[in-house]
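Protein chains in written order, with this note's numbering: chain A, 429 to 776; chain B, 429 to 776; chain C, 429 to 776.
Derived by calculation from the structure, the hints in this document are not laboratory data. A portion of the hints provided could be inaccurate.
The list makes no distinction among identical chains, and a pair is therefore deemed to hold if it is satisfied within one copy or across any two copies.
As the list claims (entries may be wrong) - The calculated BS3-like cross-link candidates involving lysine-lysine, where the alpha carbons are at most 27 Å apart (straight line), are: (1) K464 - K641; (2) K465 - K514; (3) K763 - K434; (4) K434 - K464; (5) K641 - K579; (6) K583 - K641; (7) K649 - K465; (8) K465 - K693; (9) K464 - K693; (10) K763 - K514; (11) K464 - K649; (12) K649 - K763; (13) K653 - K465; (14) K653 - K641; (15) K763 - K465; (16) K693 - K583; (17) K434 - K641; (18) K514 - K579; (19) K514 - K693; (20) K514 - K464; (21) K579 - K763; (22) K514 - K434; (23) K693 - K641.
Bear in mind that the values here come from a model prediction, so they are computed numbers and not experimental data.
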Amino acid sequence: MSLLGKHILSCSIFDIELLQQLFSVADQLQPVSRGKKVCRILEGAVLGNLFFEASTRTRLSFDSAFMRLGGSVSNTTGEAVTSISKGESLADTSRVISGYYDILVVRHPDEQAVYEIAGATHIPVLNGGNGAGEHPTQALLDLYTVSREFKRLGKEISSSRIALVGDLRYGRTVHSLLRLLSLFQNLTIYCVSPSILPMPRELLDMAANGGHKIVETGDPKVGLKDIDLLYATRVQKERFACTETAFNYGSDFRVDQALVNAHCKPDVIVMHPLPRDSRAGANDLSDDLNQDERLAIFRQTDAGIPIRMALFASVLGVDHLIPSALRDATWYRPKYIGPNDASFYTEK
Amino acid sequence: MSLLGKHILSCSIFDIELLQQLFSVADQLQPVSRGKKVCRILEGAVLGNLFFEASTRTRLSFDSAFMRLGGSVSNTTGEAVTSISKGESLADTSRVISGYYDILVVRHPDEQAVYEIAGATHIPVLNGGNGAGEHPTQALLDLYTVSREFKRLGKEISSSRIALVGDLRYGRTVHSLLRLLSLFQNLTIYCVSPSILPMPRELLDMAANGGHKIVETGDPKVGLKDIDLLYATRVQKERFACTETAFNYGSDFRVDQALVNAHCKPDVIVMHPLPRDSRAGANDLSDDLNQDERLAIFRQTDAGIPIRMALFASVLGVDHLIPSALRDATWYRPKYIGPNDASFYTEK
Amino acid sequence: MSLLGKHILSCSIFDIELLQQLFSVADQLQPVSRGKKVCRILEGAVLGNLFFEASTRTRLSFDSAFMRLGGSVSNTTGEAVTSISKGESLADTSRVISGYYDILVVRHPDEQAVYEIAGATHIPVLNGGNGAGEHPTQALLDLYTVSREFKRLGKEISSSRIALVGDLRYGRTVHSLLRLLSLFQNLTIYCVSPSILPMPRELLDMAANGGHKIVETGDPKVGLKDIDLLYATRVQKERFACTETAFNYGSDFRVDQALVNAHCKPDVIVMHPLPRDSRAGANDLSDDLNQDERLAIFRQTDAGIPIRMALFASVLGVDHLIPSALRDATWYRPKYIGPNDASFYTEK
């Protein structure tokens with residue numbers, strides 16, 4: 429099994445071996461993603477980066493990843509594609525635009541659209557987020573981050589203990605992550621959410637059938653003392669409507685320095701898919717953890733570039749060219765990207 | 429006569445010799461347009477791809493064509509150009525932006541604007557569509573497609589029989605195509621349209637004066653049995669207003685499998701400028717022809733890349749560098765772009 | 429002192445020596461900016477060209493400058509950045525996006541935002557205009573133009589006579605230019621504006637403290653006979669409100685051929701930050717000077733490319749690579765960009 433020439437629409441095509449192959453390619457591309465090495469194995473190739481709805485950061489991340497490999501990128505930025513408003517089918521749009529490019533990234537608010545687009549072309553299509561469906565590159569960069577953080581700490585993913593905290597019902601990100609995590613062995617997974625925002629039953633069943641121990645709870649403190657990873661997501665107040673006055677979810681689902689210091693191990697990793705709502709009173713990850721090296725959120729978002737590069741290189745079959753193509757970059761790079769970046773996370 | 433350094437604002441600058449030169453350059457660039465070869469003869473050059481109104485596909489096609497030649501592209505995507513809203517003249521805008529680029533593509537809803545812009549700069553300007561005026565790259569890719577399809581079938585354009593079907597009054601595309609076709613010899617051209625949407629008189633006169641036989645008819649079946657090319661365009665119901673109840677144009681001007689099978693030769697070619705309205709009841713090209721190899725619409729839209737590349741290379745005078753610059757691409761390409769692509773249309 | 433790795437947020441970091449270094453780099457890049465030479469010293473590097481408000485021309489100019497150095501550019505074009513609307517802090521946005529790029533250009537309508545963004549990253553940030561604040565690349569290209577024009581005429585900036593004409597109160601451009609000019613010696617500066625739109629007091633004091641002679645006047649003809657440079661800006665009628673009927677500022681603050689011929693020396697230079705309002709009755713620079721070689725406005729705007737290239741090269745520390753990286757471009761370039769370009773300003 430390989431990614432060569434494949435559409436990447438869902439995480440469900442990945443098994444452990446394919447993930448390891450992908451992460452190995454991503455590891456090779458780390459210095460390229462940080463501008464320390466140049467690797468133009470896609471010089472001459474053109475990406476159609478097609479955003480049928482705005483998602484600035486995801487778009488920019490795909491942009492940069494393809495450019496870092498020497499390729500050129502042509503963008504739509506969320507505008508209505510004008511031909512579609514004239515009654516054109518998605519199949520026609522797909523086939524026409526496929527004639528321009530070597531690979532497509534598609535972000536579309538409708539869950540089915542990316543499947544229609546991919547069904548009408550043999551040019552590889554990468555799903556950049558399909559509404560309530562999936563966002564596979566986010567899930568892959570999440571797991572890649574877990575893998576790298578655990579390796580740094582001398583841990584394995586199998587047999588680890590993980591808390592997924594926040595809105596587990598609507599959070600597309602945690603659904604995909606749980607699917608990927610379930611490929612490993614013997615996990616203990618705490619699903620921590622307000623009772624009306626639980627992890628969907630089919631996902632819980634899937635994980636349990638995979639031999640993992642699942643604990644559902646509404647109390648964020650349950651289980652925190654043992655965990656290796658706390659993956660936080662935002663609880664959006666809009667989800668509560670009339671019951672909002674009954675509970676104060678704000679204090680329960682805010683992940684901050686006090687919570688982590690009081691309940692977590694010194695080597696826990698805190699992740700979040702971002703953006704986080706940093707405003708006071710938000711049921712979200714606080715920014716008072718910014719100087720805590722356990723906070724891995726920026727290492728996590730940085731991981732999006734090597735993962736997306738690895739996907740492009742693997743799908744287009746140029747990953748074997750990386751070692752001979754790497755050369756030193758000649759321009760200035762800072763030692764750290766962010767003033768609060770962890771000391772172990774220098775720009776190598 | 430050559431295209432070197434010229435503005436390409438109208439099809440009227442082309443004669444047969446210039447078309448043949450251009451198509452010969454496009455033929456050389458076919459494998460580059462399909463990502464099978466790399467040809468970076470414009471590495472270092474920068475295109476200003478200036479869309480004063482949105483036209484996603486045309487914009488993306490110019491994008492890709494320039495990038496495939498190794499150049500870089502800077503885009504506006506239909507936003508208002510902010511300086512113009514401050515009272516700046518188009519001449520100033522043109523001269524200022526010309527200082528940034530080696531070549532400009534301009535799409536503007538106002539018919540005169542592209543002439544004002546071109547008049548204020550010696551940097552070559554390509555017209556990407558000027559309102560009710562022209563869309564010369566569309567006309568050129570149409571004729572290039574006819575030329576390639578006929579060559580494949582052992583036919584010549586001169587002395588061939590062609591039906592232009594649909595809205596011939598407002599269809600900018602068929603007007604430009606008729607102008608270019610009239611450069612050839614001894615054509616028989618059926619102009620098939622609702623009586624209120626005829627081909628304009630001056631274009632009919634021009635074709636007749638060129639020695640071509642013109643047949644105007646309101647019946648799509650007239651002449652179909654002899655034709656080598658059926659060029660369909662959409663009939664927009666909005667054009668009919670109060671007379672709509674009198675006729676049912678829907679059944680008359682829909683080009684579908686039944687019509688083509690019943691009336692056309694086995695080696696007819698069916699083209700359409702796209703987008704087509706695939707919805708039921710549209711007076712347009714049906715998608716039930718998608719698996720019929722006579723349907724050339726995607727070969728036609730694919731031809732936009734090599735034609736636009738050939739224009740860039742010819743206007744910028746680097747076309748002679750192509751043979752020595754071609755090298756094999758190293759990335760994956762599918763055998764066919766679309767699942768229904770004709771068997772003879774593989775990705776060579 | 430060097431620009432290596434620095435944020436360029438304000439003109440205040442520049443001294444004479446740094447300006448001379450920057451202008452020397454810009455001079456080396458002149459043939460690259462005009463497409464006569466290729467110099468791909470940033471091949472592999474990626475710029476995030478982040479426009480939080482639309483400013484088409486400034487954006488395109490940064491685009492082209494980075495591309496001319498071989499780099500790739502990823503753009504936002506004034507759209508709302510979607511993550512920010514979800515409550516994300518600018519610091520988070522900055523740190524996340526910094527993980528994608530080697531350098532950032534930021535245009536933001538809020539004066540403080542670019543400082544918040546720069547404070548959250550060690551990836552160099554260039555200010556592309558921060559609301560009522562500064563637009564340092566405009567000021568640098570203005571001064572670079574003065575420097576080149578004076579050199580052509582055998583003049584020095586120090587001891588020259590300069591008129592700043594128009595809205596001196598709200599004109600961000602003239603404020604920054606006055607700061608930079610004040611670094612030189614012994615200037616005579618006429619500040620010519622409607623009385624309600626004067627140059628701010630602190631800027632006048634700064635210039636006076638630098639030993640320069642300042643003359644404030646409401647009469648555009650005062651001092652014109654001696655000046656080496658007339659820098660015009662628009663007087664926006666909206667600024668006058670109820671007093672508009674009292675005065676006719678239109679005739680006073682329009683800079684046209686009649687004014688320049690009647691009052692200025694044959695070797696005066698006329699500049700303007702553009703866009704100018706060319707419509708009849710605008711209190712702005714007239715286009716009847718377009719064929720007058722003293723009008724330097726297009727030489728001025730053209731200077732934006734080499735200046736921005738020089739900033740990129742200097743901040744990223746690749747300026748020393750220029751001499752060995754220069755090679756001839758192979759594509760067509762016209763002798764002049766604009767039909768009215770001065771005879772001495774050919775495309776060398």
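For each hint, the structure was consulted:
1. Neither within a single protomer nor between protomers do K464 and K641 lie at most 27 Å apart by alpha-carbon distance, with minima of 42 Å and 50 Å respectively.
2. In this assembly of identical chains, K465 and K514 lie within 27 Å of each other by CA distance neither inside one copy nor across copies; the values are 45 Å within and 34 Å between.
3. Taking the shortest alpha-carbon separations for K763 and K434, only the inter-copy value of 13 Å comes in at or below 27 Å, while the best intra-copy value is 37 Å.
4. In this homomeric assembly, K434 and K464 come within 27 Å of each other (Cα to Cα) only across copies, at 18 Å, whereas the closest approach inside a single copy is 29 Å.
5. For a Cα distance limit of 27 Å, the shortest separation of K641 from K579 inside one copy, 22 Å, qualifies, whereas the shortest one across copies, 67 Å, does not.
6. Within a single copy, K583 and K641 get their C-alpha atoms as close as 18 Å, which meets the 27 Å cut-off; across copies the closest is 71 Å, which misses it.
7. Taking the closest pair of Cα atoms, K649 and K465 never come within 27 Å of each other, the shortest separation being 43 Å inside a single copy and 59 Å across copies.
8. Proximity of K465 to K693 under the C-alpha cut-off of 27 Å is found in neither arrangement, the shortest distances being 36 Å within a copy and 55 Å between copies.
9. In this assembly of identical chains, the alpha carbons of K464 and K693 never lie at most 27 Å apart, being 34 Å within a copy and 54 Å across copies at closest.
10. Taking the closest pair of Cα atoms, K763 and K514 never come within 27 Å of each other, the shortest separation being 51 Å inside a single copy and 30 Å across copies.
11. In the homo-oligomer, the alpha carbons of K464 and K649 never lie at most 27 Å apart, since the shortest distance is 41 Å inside one protomer and 57 Å across protomers.
12. For a Cα distance limit of 27 Å, the shortest separation of K649 from K763 qualifies neither inside one copy, at 37 Å, nor across copies, at 55 Å.
13. Neither within a single protomer nor between protomers do K653 and K465 lie at most 27 Å apart by alpha-carbon distance, with minima of 40 Å and 57 Å respectively.
14. In the homo-oligomer, the alpha carbons of K653 and K641 lie at most 27 Å apart inside one protomer (16 Å), although the nearest pairing across protomers, at 72 Å, exceeds that limit.
15. In the homo-oligomer, the alpha carbons of K763 and K465 lie at most 27 Å apart inside one protomer (14 Å), although the nearest pairing across protomers, at 33 Å, exceeds that limit.
16. Taking CA atoms no more than 27 Å apart as the test, K693 paired with K583 passes inside one copy only; the shortest distance there is 14 Å, against 70 Å between copies.
17. Taking CA atoms no more than 27 Å apart as the test, K434 paired with K641 passes in neither setting, with 33 Å inside one copy and 51 Å between copies.
18. Taking the shortest alpha-carbon separations for K514 and K579, neither the intra-copy value of 52 Å nor the inter-copy value of 33 Å comes in at or below 27 Å.
19. Taking the shortest alpha-carbon separations for K514 and K693, neither the intra-copy value of 58 Å nor the inter-copy value of 30 Å comes in at or below 27 Å.
20. In the homo-oligomer, the alpha carbons of K514 and K464 never lie at most 27 Å apart, since the shortest distance is 46 Å inside one protomer and 32 Å across protomers.
21. Proximity of K579 and K763 under a CA criterion of 27 Å is satisfied intra-copy only: 22 Å inside one chain copy versus 41 Å between copies.
22. Neither within a single protomer nor between protomers do K514 and K434 lie at most 27 Å apart by alpha-carbon distance, with minima of 30 Å and 33 Å respectively.
23. Taking the closest pair of Cα atoms, K693 and K641 come within 27 Å of each other only inside a single copy of the chain (20 Å); across copies the shortest separation is 68 Å, beyond that limit.
Consistency note: the structure conflicts with the earlier hints numbered 1, 2, 7, 8, 9, 10, 11, 12, 13, 17, 18, 19, 20 and 22.
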